[in-house]
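Participant: So the sequences go chain by chain: A and B. Using the numbering used here, the first residue of the first sequence is number 1, and each one after it goes up by one. Using the numbering used here, the first residue of the second sequence is number 1, and each one after it goes up by one.
I should point out that these hints are in silico values taken from the structure, not numbers from a laboratory. Values in this document were obtained by computation on a predicted structure and should not be read as measured data. Hints should not be assumed to be uniformly reliable.
Here are the simulated DSSO-like cross-link-like pairs (lysine-lysine), alpha carbons at most 30 Å apart as the crow flies [unchecked claim]:
no. : chain 1 : residue 1 : chain 2 : residue 2
1   : B       : Lys-133   : A       : Lys-63
2   : A       : Lys-19    : B       : Lys-133
3   : B       : Lys-156   : A       : Lys-44
4   : A       : Lys-8     : B       : Lys-5
5   : B       : Lys-133   : A       : Lys-44
6   : B       : Lys-155   : B       : Lys-60
7   : B       : Lys-43    : B       : Lys-6
8   : A       : Lys-63    : B       : Lys-14
9   : B       : Lys-5     : A       : Lys-63
10  : B       : Lys-133   : A       : Lys-30
11  : B       : Lys-67    : B       : Lys-155
12  : B       : Lys-155   : A       : Lys-30
13  : A       : Lys-3     : B       : Lys-156
14  : B       : Lys-14    : A       : Lys-19
15  : A       : Lys-43    : A       : Lys-3
16  : B       : Lys-155   : A       : Lys-43
17  : B       : Lys-133   : A       : Lys-8
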Amino acid sequence: MKKIDDLKLQMYVDNELSKEESTEVENYLKINNEARSLVENYKKINHLISSTYSQIKSNDLPKRTLDLLMDEKPSFFNKLFNFKVKLFPALGSVAALAIVAVMGINVFKIDNNQINPTNLMSENNKHVVLNELQEILKDSEDNLSGIVSFKSKNIEYKEVKSYLDARGRPCKDIKFKNFSIKDAKINEATFVKLSSGEWKVIKLEFIKDSSLGI
Amino acid sequence: MSKLKKELMFLMPKLRRYCYGLTGNKDRGDDLLHNSVVKILEKLNFGLSSIDNLSAYMYKIISNTWKDELRKKYRNVEIHVDEMIYNNLPDLETNSYDGNIDTLNEIKDSIKSLSLKLREVLILVALENKSYKETAEILNIPIGTVMSRLNEARKKLSAQKKNEEIKEVN
Chain A
1 MKKIDDLKLQ MYVDNELSKE ESTEVENYLK INNEARSLVE NYKKINHLIS
51 STYSQIKSND LPKRTLDLLM DEKPSFFNKL FNFKVKLFPA LGSVAALAIV
101 AVMGINVFKI DNNQINPTNL MSENNKHVVL NELQEILKDS EDNLSGIVSF
151 KSKNIEYKEV KSYLDARGRP CKDIKFKNFS IKDAKINEAT FVKLSSGEWK
201 VIKLEFIKDS SLGI
Chain B
1 MSKLKKELMF LMPKLRRYCY GLTGNKDRGD DLLHNSVVKI LEKLNFGLSS
51 IDNLSAYMYK IISNTWKDEL RKKYRNVEIH VDEMIYNNLP DLETNSYDGN
101 IDTLNEIKDS IKSLSLKLRE VLILVALENK SYKETAEILN IPIGTVMSRL
151 NEARKKLSAQ KKNEEIKEVN
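Isolated chain A (complex conformation) (with noise of 0.2 Å):
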C-alpha cells in the first residue's frame, strides 16, 4: 500500500477527507503502527484542546461586554434617520416659511402694481397726472373739496391742508382718491397747490401706470 504522508493523516483527523479517502487512511492506519499512533495522538490533542476550553462555554459571559451589546445605540443611519424625522418638522416650518416669503413677495408685487409709491412713477407719469388734474381744477380754484367729473368719471378730491411753507408762502394740500388718467388707475394723489398757482405732487399712490406710456 502506498504511504500516506503526514498532511494527509492530519486532514483525516480533521474531518477534511472525502469518504473514499477516509477509508483509504482507515485501511493504511489497519497496518501501519506509526501513522495510527499518530493519528491517535492528534485526536488526543484536539480532544484535550476541546475538553479544555469546553468549560469556558458554560461560564458566564463577561458583563460589560454583554452590557455594550444590550445598549441600543442608533447606528449611523438610524441616526440620520431619526435626525431627519426630528428635521421633518422643521423643515416643514421653514418651507411653510418659504412659501410665505414668495406668496408675501407676490402680495407685495401685486400691491406694487396697484399702489406705488410716488417716488417708483417716473417723473414723466407725475407730470402727466399733474396736468391733468390742473385741468380738472382749473376751474375750481378756489373750491378744493368735492367731486368734479372728469372724461365721464366722477373724481373725488379733498383739500385735506393749509399752511404756509417755509418761505411764508400759502400752500393747500389736495388729495385726489381713486381716479384714472390716460387708463392709468391712481389710488391717492396729494398735491400742493402753492399760492402761485404752481402744483407740485406730494403723494401719488397708483395700481398701474404703464397705460400712461410717456
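Mind docking chain B on chain A? Use the hints.
Facilitator: Okay, now just chain B, sitting in the frame of chain A:
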C-alpha cells in the same frame, strides 16, 4: 436589539473561547472579546447592517485586534515587530504575564507556548472546528499554510507531551 447584535450574542460563548485560546488568559481573553465587540459595534454604528458570515468576520476581527494589541505592546522592542510577535511571541508573552497566568491545565500552557501563528490555526481547527478553508479565509492565508502550520503545532505539542512523560518517568 438589531439582528446583527442577536447573532453576535449567540456567537459570544464561542468567540470568548477563541479569545481565551488566543490570549491563554481569562482576563486578557475577556478584554480581547470586549475590544473586538467594540470594534464591530463601531462598524454597526457607521451603517453596517448585515454581514454574510458574521462568525468568520468576528474571528477575523478578534485575530486582528489581538495582533494589534501585541504590536502596541512590543512597539519599543528593537527588532522587526511583526516577525517577532508572530514567530517568537510565546517567550516574551510568558515573561510579561508576571505570574497572573490562569493555568487551567497543562494543555493550556502547551498551547500558550506555541507561537501565535501556530496557535491561532490550531485553535480555529481543533477548538472551533473550522475547516481548513474557513481558517484560511479568517486568517487570510493559503490553505496549504493552514495545513503546514497545523502540522507544526501538533508536532510541537506532541514533542512537549513526550518530554513531560519522560520527566514524569524520571
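Participant: Each of the hints needs a verdict: does it hold here or not?
Facilitator: Hints versus structure:
| no. | hint | result |
| --- | --- | --- |
| 1 | B:Lys-133 <-> A:Lys-63 | 33 Å, violated |
| 2 | A:Lys-19 <-> B:Lys-133 | 18 Å, holds |
| 3 | B:Lys-156 <-> A:Lys-44 | 14 Å, holds |
| 4 | A:Lys-8 <-> B:Lys-5 | 39 Å, violated |
| 5 | B:Lys-133 <-> A:Lys-44 | 23 Å, holds |
| 6 | B:Lys-155 <-> B:Lys-60 | 25 Å, holds |
| 7 | B:Lys-43 <-> B:Lys-6 | 15 Å, holds |
| 8 | A:Lys-63 <-> B:Lys-14 | 16 Å, holds |
| 9 | B:Lys-5 <-> A:Lys-63 | 15 Å, holds |
| 10 | B:Lys-133 <-> A:Lys-30 | 29 Å, holds |
| 11 | B:Lys-67 <-> B:Lys-155 | 24 Å, holds |
| 12 | B:Lys-155 <-> A:Lys-30 | 22 Å, holds |
| 13 | A:Lys-3 <-> B:Lys-156 | 23 Å, holds |
| 14 | B:Lys-14 <-> A:Lys-19 | 28 Å, holds |
| 15 | A:Lys-43 <-> A:Lys-3 | 20 Å, holds |
| 16 | B:Lys-155 <-> A:Lys-43 | 12 Å, holds |
| 17 | B:Lys-133 <-> A:Lys-8 | 15 Å, holds |
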